[in-house]
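Line order of the protein sequences matches chains A and B. According to the working numbering, the first sequence is numbered sequentially starting from 1. According to the working numbering, the second sequence is numbered sequentially starting from 1.
Bear in mind the hints are in silico, worked out from the structure with no lab data behind them. Keep in mind that a hint or two might mislead.
[Claimed, not checked] Under the rule of at most 25 Å between Cα atoms (straight-line distance), these lysine to any residue pairs were calculated in the SDA-like manner: (1) B:Lys581 / A:Glu483; (2) A:Lys791 / B:Thr820; (3) A:Lys710 / B:Lys782.
Number of protein chains: 2
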Amino acid sequence: MAKYVYLFKEANATMRNLLGGKGANLAEMTNLGMPVPQGFTVSTEACTQYYTDGRRINDEIVAQIFDALHKTEEIVGKTFGDNENPFLVSVRSGARASMPGMMDTILNLGLNDDAVLGLAKQTNNPRFAFDSYRRFITMFSDVVMEISKSNFEAIFDKKKEEKGIELDTELTAEDLKEIVEGFKARYLELKGEPFPQDPKVQLIESIKAVFRSWDNPRANYYRRMNNIPYEWGTAVNVQAMVFGNMGEDSGTGVAFTRDPSTGEKEFYGEYLFNAQGEDVVAGIRTPKPISELEKDNPAIYKQFREISDKLEKHYKDMQDMEFTIEKGKLFMLQTRNGKRTAQAALKIAIDLVKEGLLTEQEALLKVDPKQLDALLHPTFEPTSLASAEVIAKGLNASPGAATGRAVFTAERAAELAKDGKPVILVRTETSPEDIEGMAVASGVLTSRGGMTSHAAVVARGMGTCCVAGAGTVKVNEEEKFFEVAGKKYFEGDYISLDGSTGNIYGEEIKTQDATVSGDFATLMAWADKYRSLKVRTNADNPRDAKTAYDFGAEGIGLCRTEHMFFEGERIKAMREMIVSKTVEEREVALAKLLPMQRQDFIGLYEEMHGFPVTIRYLDPPLHEFLPNEDEDIAELAKEMGLTFDELKATVESLHETNPMLGHRGVRLSLTYPEIAVMQTTAVIEAAIHVNQNGGKVIPEIMIPLVGELKELKYLKDIVVKTADEIIAKAGVELEYSVGTMIEIPRAAILAEEIATEAEFFSFGTNDLTQMTFGFSRDDAGKFLGDYYDKKIFENDPFAHVDTKGVGTLMKWAVEGGRKTRKDMKMGICGEHGGDPDSVDFCHNIGLSYVSCSPFRVPIARLAAAHANIKNPRK
Amino acid sequence: MAKYVYLFKEANATMRNLLGGKGANLAEMTNLGMPVPQGFTVSTEACTQYYTDGRRINDEIVAQIFDALHKTEEIVGKTFGDNENPFLVSVRSGARASMPGMMDTILNLGLNDDAVLGLAKQTNNPRFAFDSYRRFITMFSDVVMEISKSNFEAIFDKKKEEKGIELDTELTAEDLKEIVEGFKARYLELKGEPFPQDPKVQLIESIKAVFRSWDNPRANYYRRMNNIPYEWGTAVNVQAMVFGNMGEDSGTGVAFTRDPSTGEKEFYGEYLFNAQGEDVVAGIRTPKPISELEKDNPAIYKQFREISDKLEKHYKDMQDMEFTIEKGKLFMLQTRNGKRTAQAALKIAIDLVKEGLLTEQEALLKVDPKQLDALLHPTFEPTSLASAEVIAKGLNASPGAATGRAVFTAERAAELAKDGKPVILVRTETSPEDIEGMAVASGVLTSRGGMTSHAAVVARGMGTCCVAGAGTVKVNEEEKFFEVAGKKYFEGDYISLDGSTGNIYGEEIKTQDATVSGDFATLMAWADKYRSLKVRTNADNPRDAKTAYDFGAEGIGLCRTEHMFFEGERIKAMREMIVSKTVEEREVALAKLLPMQRQDFIGLYEEMHGFPVTIRYLDPPLHEFLPNEDEDIAELAKEMGLTFDELKATVESLHETNPMLGHRGVRLSLTYPEIAVMQTTAVIEAAIHVNQNGGKVIPEIMIPLVGELKELKYLKDIVVKTADEIIAKAGVELEYSVGTMIEIPRAAILAEEIATEAEFFSFGTNDLTQMTFGFSRDDAGKFLGDYYDKKIFENDPFAHVDTKGVGTLMKWAVEGGRKTRKDMKMGICGEHGGDPDSVDFCHNIGLSYVSCSPFRVPIARLAAAHANIKNPRK
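Take these sequences, add in the hints, and give me the full structure.
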């Protein structure tokens with residue numbers, strides 16, 4: 001028979017998966033001989049079983065709970081339901097991963113109409129007893145019975161009004177007794193039955209409520225954001241109550257072994273005498289700094305410091321502890337590795353190594369790669385943020401915080417920015433013409449488009465904060481305002497964006513600049529020492545390439561050449577090429593693009609200082625370079641010396657029902673090989689130029705969207721012929737390689753064969769995810785919400801590699817490719833390349849490198865180190 | 001060292017792959033002691049090597065050719081290049097599969113200015129000698145040197161004009177000599193060098209030309225149509241010339257051992273005295289029926305009949321033979337299994353069994369499943385077709401031949417049809433409102449849309465001829481005409497369509513009705529006896545279901561329920577559902593659809609007489625049910641009592657960038673589970689109704705577009721709950737199963753897991769092909785032409801299952817599914833289900849059934865028998 005319930009003294013810290021963090025640590029502290037109010041943990045497996053059984057706790061588990069309860073009674077010397085000396089307990093959630101505030105807690109459980117009198121008598125404090133009872137009724141009703149707290153607050157406030165008092169503490173025992181009566185009457189009225197008097201019923205119902213809270217919307221949302229599986233479930237801790245509000249020899253507090261903001265090694269925390277935890281939170285009384293406890297009660301302080309030192313050394317990490325002093329006796333209610341700012345995380349990790357507590361590898365594992373974002377981008381000032389209200393949410397498309405005046409055109413953004421005014425560019429969606437405005441904006445907000453929309457990709461490259469695809473924001477670009485929930489925000493109004501969460505605020509929030517300390521360099525150096533996966537960047541221009549190089553990128557894994565064709569004069573030449581009717585006309589237009597493209601590549605090569613540069617050939621369907629609206633077509637036709645009908649006909653002939661699956665990638669080059677000839681000429685001539693000027697470039701030419709060996713072979717033959725002719729003509733030696741994206745399921749399946757021509761693979765996991773799932777990234781937003789709500793998906797497959805489906809194809813492709821070419825270079829250049837979970841997966845399947853946007857390079861470096869420390873490569 | 005060249009006497013009929021059909025059969029006849037002009041075959045491997053070597057014949061192969069030539073000289077007792085007794089040869093292509101007329105032939109090779117004199121002297125017939133020389137110059141120049149025949153015809157015609165004569169035969173030897181001089185001068189003028197005099201050069205250049213002709217456009221097109229791999233290459237046969245034009249004791253002819261039109265066992269053919277093969281083709285003289293040869297030359301006739309009888313028995317098939325009589329001596333130039341009409345194919349196969357020459361299995365293999373189409377659909381009268389001109393081509397979307405007056409609206413089609421006039425409905429594309437017009441039309445022509453467009457799918461179901469997606473046909477529906485190459489065809493003009501080839505004719509061509517003989521039933525009964533794969537049909541209405549049942553369908557493999565929602569009142573209710581704002585509103589609209597859907601299912605069940613019926617739940621994106629154009633939206637809004645803006649907003653909110661990868665299939669039911677509840681209610685209530693009335697239905701409920709187990713589980717739970725409640729309420733017993741389509745790559749990859757919930761699989765190879773290749777079927781037409789031209793693809797992956805990519809996924813899914821459920825039922829319901837090659841593949845990977853459109857059911861039955869005979873299931 002499975003064991004579902006563990007006494008604290010039966011367990012230890014290694015049982016975190018089974019008992020949750022809180023339960024495992026309470027057990028560990030018990031084992032360490034620390035003063036912990038005793039109790040037991042109902043395991044996460046019991047939670048899973050609760051859901052399997054159709055949201056009920058089966059008899060077996062109920063029996064185990066009561067068995068553990070009896071053993072606890074023996075330990076604490078009190079009996080549950082004994083009205084003379086009532087045994088009160090708290091019921092708290094505790095999942096494997098910390099999910100602060102997401103689930104529910106019930107305190108003072110065990111009180112009823114009789115026990116409250118016993119408690120009054122025993123403590124000789126009727127006011128305390130009835131105050132505890134009214135708190136319990138409120139909490140139980142709220143958490144277990146889903147009766148809103150406001151029902152009780154109204155009664156409470158009314159009493160205070162009647163008595164003409166302001167502070168809760170002014171209420172007498174008699175007042176509280178009357179309030180309890182009022183609460184119970186309200187409960188009866190709302191539920192049609194009296195408030196449950198049987199402590200056992202209270203207990204089981206409360207445990208069920210905690211299990212249930214695992215599935216509440218905020219918990220689900222939090223899990224999705226933090227990639228915590230629904231399957232894990234939560235444990236429930238049932239623990240003897242201790243009271244910090246039993247008089248001036250009682251109290252409660254929280255403390256950290258180091259400063260969680262700065263990481264400084266100084267004991268940090270606060271406490272309140274004669275109070276319960278809630279009172280601290282309620283903010284009615286101002287807590288004292290923990291240091292004053294030393295003066296107030298030196299013995300307790302000494303004991304607490306000894307415990308906390310021991311805990312930090314034991315867990316080898318900064319601890320966040322909760323304690324209560326009941327009538328002069330210290331109790332530890334919780335310890336856990338403390339949450340900390342990114343800066344503090346670095347400092348603590350490095351200090352713990354210096355102090356000899358951690359190895360470098362262990363220290364690296366203490367820093368969450370995702371946290372680094374906060375070091376590289378501006379953040380909101382916490383105090384300024386505290387009072388701000390989220391008006392809408394979008395996709396967290398590019399991290400950082402931004403505040404500024406809303407503008408609706410790139411031109412206006414440039415004007416205001418010139419005057420030194422911070423602006424947020426707000427658009428339905430951005431297009432290449434908006435680049436200039438995006439470059440000067442503090443942040444970019446779009447109402448349409450996904451994580452790989454133009455706005456998102458460009459902003460990430462620039463390191464500019466961006467919230468994309470905020471569907472509830474209705475942008476009226478013509479009249480220059482946007483509307484959210486009926487409220488309009490006009491040009492010049494202050495708004496703020498959090499690109500790391502997707503939050504949008506309708507007001508100014510002060511930001512603080514990113515600060516990169518020496519600790520950052522130290523940690524990154526360690527990361528580089530322990531990783532085996534290389535980290536490259538996705539960059540299409542020298543500016544982004546330089547940023548990435550400075551962040552430690554070891555090459556360019558993806559240069560999207562089409563981005564080079566959108567700016568200024570270039571798009572004109574591109575459009576000339578598109579409307580060409582003959583190969584000759586097309587070649588004339590391409591000849592105009594050649595010098596620009598060559599210059600682009602020279603810039604990229606130079607910024608990479610000898611690291612490899614992977615250049616992907618033209619990928620998007622040609623219609624992306626032409627306007628759609630008749631008005632714009634007419635204008636362009638005039639500009640190009642065409643009739644409207646001619647240009648319209650071109651636009652229509654390029655229209656596709658499913659452009660994602662249309663005439664793009666290698667398919668374009670098959671139809672128009674002259675494009676590949678031009679691009680090869682630029683790649684090779686630029687490399688020769690750079691090498692002749694002291695550089696050392698080995699270009700990697702990458703053919704996109706290949707699904708069949710012959711596609712690749714056809715194009716590779718053209719590339720090699722063109723390249724070799726140029727090289728021979730220049731009389732130089734130049735190495736280059738030709739490889740392919742693996743982004744079509746068929747390419748992954750046939751990787752072994754494709755590797756006979758491909759000299760390297762790069763996984764394009766954006767497209768591979770789209771086709772493996774049959775999801776259009778542009779459209780999936782409409783139904784992914786339903787998928788989360790119905791627990792079909794726990795998170796977005798475009799954010800984290802779907803290891804089961806897409807990942808299986810990747811593994812096949814890695815194995816297949818290496819069958820043909822033993823040491824074949826393989827990377828990933830999809831959005832997933834900067835996602836720590838996906839980096840871990842890429843490490844484990846044996847990729848050579850990941851490539852990500854410049855500001856994600858440090859994250860990927862750290863994630864790669866984590867992956868290799870956890871699972872070292874042979 | 002590889003052997004590339006074989007004397008006829010070194011080879012035999014089993015070497016067809018290496019030596020081509022013609023070469024292998026010439027060898028076989030040689031072995032059988034038949035009178036064959038001797039020679040040798042340059043193998044198909046030499047052809048492949050020719051392409052590998054960059055279109056040259058390497059020295060090794062050249063040496064082998066001349067070696068074989070010398071040995072042939074010894075056999076025939078003549079020497080190549082001997083001007084006294086010149087040794088002349090023919091050079092003919094001969095591929096593994098017969099490709100009549102697709103490649104090139106050169107006769108009389110070996111002639112030059114000296115040899116022609118030798119030939120004149122030796123034959124004592126200068127006219128014959130110079131006539132042979134001028135024919136050789138023309139052929140060699142045309143085939144080898146790419147000099148158009150018209151250059152020579154002009155000279156020839158000019159001479160006839162000068163002499164004032166009409167018939168070629170009136171030209172004298174002297175005339176022909178002058179003509180030869182003229183030809184040679186013209187050759188020199190065009191090529192800058194004299195006509196090659198060295199017979200060895202002539203020979204090697206001619207062999208190269210035949211190899212080259214393997215890659216000519218018409219050969220490529222023919223191969224693609226007949227699914228013949230480019231890799232096979234062609235062999236080349238070099239054979240001693242014999243002359244049927246050496247006087248009245250010479251002649252040439254063709255004969256069949258049975259009548260190729262009817263299959264009757266009567267010797268059939270024609271011959272001409274004193275003539276070469278070309279003369280028969282040129283039609284200047286009318287050949288005599290072969291039976292007259294018996295009178296003209298009884299000895300030769302007897303010899304020929306003995307040979308032909310022996311050949312038929314030897315090859316166990318009707319033979320198509322070419323022969324030449326040179327100066328009273330019979331020579332066999334070719335024998336092959338003769339091409340025949342579908343009707344003849346059946347009769348011959350069955351007669352050969354009756355005659356004890358073939359087993360039933362062997363007889364089945366003699367009938368090409370694709371040929372059956374011709375038995376089931378009208379065809380053009382050959383004489384009427386002969387003179388007709390193809391004005392355009394589209395996709396061969398639904399087979400058969402049709403002729404009638406062009407109409408441009410369904411209404412007009414109905415009007416004219418009522419008057420008994422045959423009509424062809426011409427539309428840009430069809431929509432559900434056109435159904436009535438399609439039902440009365442003889443054929444349907446669309447200018448847009450692919451093999452699975454509305455027009456194609458509906459026409460196939462009806463068995464109506466359809467040519468779809470004819471891009472060069474510009475349809476002007478408003479002004480009621482279409483335009484092809486500048487010519488307009490107006491309403492009422494006669495046009496004709498061949499739905500089996502995609503040909504469009506701008507005139508009336510008489511058609512003949514399909515005739516199904518008793519032979520058909522016999523052959524189908526044999527097919528059923530030897531196949532293990534079941535054959536079901538794709539049918540959405542009782543009419544199609546009945547057709548399919550009559551054709552032998554063993555159930556419905558795919559009922560596309562959305563097709564039921566397009567007609568009349570139904571689309572109104574569907575649209576009400578779509579614009580609903582709440583679940584309740586949606587349920588009201590669905591309640592209107594329920595009785596109609598239930599009635600549909602009753603009809604289908606009844607027509608299937610106890611065979612299983614698989615019902616696929618709603619699949620297409622909802623926007624397919626709404627209009628797109630503002631005008632239509634306004635009209636519909638008025639009809640529905642909505643404002644234009646409201647309806648427009650709905651249409652816009654449903655718009656998708658890539659609808660193929662959008663909100664459809666199971667994703668719709670996840671968002672709107674009430675649709676699945678309605679559909680389940682209809683499926684189950686209909687089954688109960690039918691069973692209570694003496695039927696026996698086991699419905700199979702199929703969830704489309706599943707890519708993740710939890711999707712299926714979520715929906716299956718709803719289906720099972722709904723179904724079980726209805727069954728319990730009715731107090732009956734009813735079996736049903738719930739399965740899924742495998743049409744998303746991820747589903748194939750995770751089939752083992754998905755099979756824990758899915759009770760059956762059905763491969764949706766249309767979508768699976770789209771996603772595995774990353775090809776949108778609607779858009780791929782634009783670039784697939786380039787793919788064929790550049791030999792990336794040899795045929796359309798939407799027509800034949802891509803066994804390497806898509807097929808690998810299918811195999812994985814079959815293995816995975818059967819790991820979980822040992823005897824899991826698996827079928828295919830994509831377009832490929834009716835394609836014989838794909839049926840073969842489905843048999844080999846172990847599917848339980850294929851499902852195809854009604855008129856393809858016999859084809860699939862025969863293909864399934866072929867598959868099992870070739871590769872019997874254990």
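- Measure nothing beyond the straight line between the CA atoms of A:Lys710 and B:Lys782; if it is 25 Å or shorter, mark the hint as holding. Measuring from Cα to Cα gives roughly 19 Å; hence the hint holds.
- Item | Restraint status (C-alpha distance of A:Lys791 to B:Thr820 at most 25 Å) | Distance ~24 Å between A:Lys791 and B:Thr820 Cα, so the pair holds.
- Has the given pair, B:Lys581 with A:Glu483, been kept, meaning a C-alpha gap of at most 25 Å? holds (22 Å)
When each numbered hint is compared with the structure, no violation occurs for any of them.
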